[in-house]
Amino acid sequence: MNIANSKERLLQYLDIKGISKAQFYRETQIKRGFLDADKLNASISDKFLARIVGVYSDLKLSWLITGAGEMEHTEATKSNAVWVDYNNFKLVPLVGK
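Per my numbering, the very first residue in the sequence shown carries number 1; after that it's consecutive.
Don't take each hint at face value.
Unchecked claim - Within a straight-line C-alpha distance of at most 30 Å, the following computed DSSO-like cross-link-like pairs (lysine-lysine) qualify:
{"no.": "1", "residue 1": "K60", "residue 2": "K21"}
{"no.": "2", "residue 1": "K39", "residue 2": "K21"}
{"no.": "3", "residue 1": "K47", "residue 2": "K31"}
{"no.": "4", "residue 1": "K21", "residue 2": "K31"}
To be clear, the hints were calculated from the coordinates, so they are not data collected in a lab.
Owing to the predicted nature of the structure, the values given are computational and were not obtained by experimental measurement.
The task is simple: from the sequences and hints, build the whole structure.
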């Protein structure tokens, strides 16, 4: 089944996982109304996409955006993921010429 847009695919994911809209809004801290019927054709900003996949780490971003492939990460894709902890980086001052 090919779902038309990202918000409709997100609703499909939430339905399959048994996650209510209220729970989604609470967990992602996205304002209520984001998934209302009159806003389903609006695009999802990068900021909100990052929040969504940050909270629901099993949700594949590529599926959410394009509808292609699998909805969720498999164990193989989870084990091949590379995460970078930017908190351990040191800031280096830039010096002009």
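### Holds or violated: K47 to K31, with C-alpha atoms at most 30 Å apart
13 Å, holds
Regarding the pair K60 and K21, is the alpha-carbon distance no greater than 30 Å?
19 Å, holds
Straight-line alpha-carbon gap K21 to K31, limit 30 Å: Roughly 11 Å separates the two Cα atoms, so the pair holds.
Checking one constraint from the list: CA of K39 to CA of K21, max 30 Å. Satisfied? 14 Å, holds
In summary, this structure violates none of the numbered hints.
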